[in-house]
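Numbered by this note's numbering, the letters in the sequence shown go through residues 16 to 202 in order.
Source of the hints: derived by calculation from the structure; they are not laboratory data.
In this text, all values refer to a predicted model and were calculated from it rather than measured experimentally.
Be aware that one or more of the hints could be misleading.
[Claimed, not checked] Distance ranges between label pairs, derived from CB positions:
| id | residue 1 | residue 2 | range |
| --- | --- | --- | --- |
| 1 | Q111 | L157 | 53 to 63 Å |
| 2 | T116 | F159 | 53 to 63 Å |
| 3 | F161 | R88 | 42 to 52 Å |
| 4 | A171 | N79 | 21 to 31 Å |
| 5 | S87 | E163 | 33 to 43 Å |
| 6 | Q111 | F161 | 51 to 61 Å |
| 7 | V93 | H45 | 22 to 32 Å |
| 8 | D84 | S128 | 15 to 25 Å |
| 9 | S101 | S67 | 13 to 23 Å |
| 10 | F161 | E57 | 22 to 32 Å |
| 11 | I39 | I172 | 22 to 32 Å |
| 12 | N71 | V93 | 10 to 20 Å |
| 13 | Q94 | S155 | 37 to 47 Å |
C-beta atoms are modelled at their ideal positions from N, C-alpha and C, and glycine is treated no differently.
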Amino acid sequence: VQLMSIGQSPVNTLTDTGIKDVEIARLILHNTSREIQDESWEWNTDYAYEISPDGNDRILVPSNCLSIDPTSRADDWVQRYDSANSAQSMYDLNEQTFERTKVLKVDIVWFYSFEQLPNSARNYIAQLAGQKFQAKHVSSELLFKFEENDVQRARAILMRNSHRVRDRNLLVGGDFTNVIFHRRRNP
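All chains should be modelled from the sequences, with the hints used to inform the complete structure.
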């Protein structure tokens, strides 16, 4: 999609082709994928996910984690670099320590490879990455406008599928509804 957006022939693989445009397209696709996945979708987010301490009483942050936050508001833990084990770990702001002996429940957003994503997510990410690639290489306002329709349509399909999976609508189950009718937010 990205190479076609600038009028070049597509390639069968994005792995180590040695072609400069392919390498740039691969980087833009990866960065766009991270950006979109960081929005937190039902297919890459777990709520009240339990992480156990390792043998050194540290809660290590998984390497494919985009964001992590304790589920309980009483837990004031944040992600921070731990020089003792050269990794990202959870840090207790109140006690100023990395040590924890019990399980920590967190809301976590995972990063998945492009191939592991649902089809509607792959399509949207590819369309958006193609638009970004074209904007950096050709900078054609006309091409940008044509691609904008494809990007918006792909985003709409992704959002529709997301709402369908969550079984939400304006009357039942949405954050907006809970605020209006119950005067509280979804947990």
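| field | Numbers of the earlier hints that this structure fails to satisfy, in rising order | value | none
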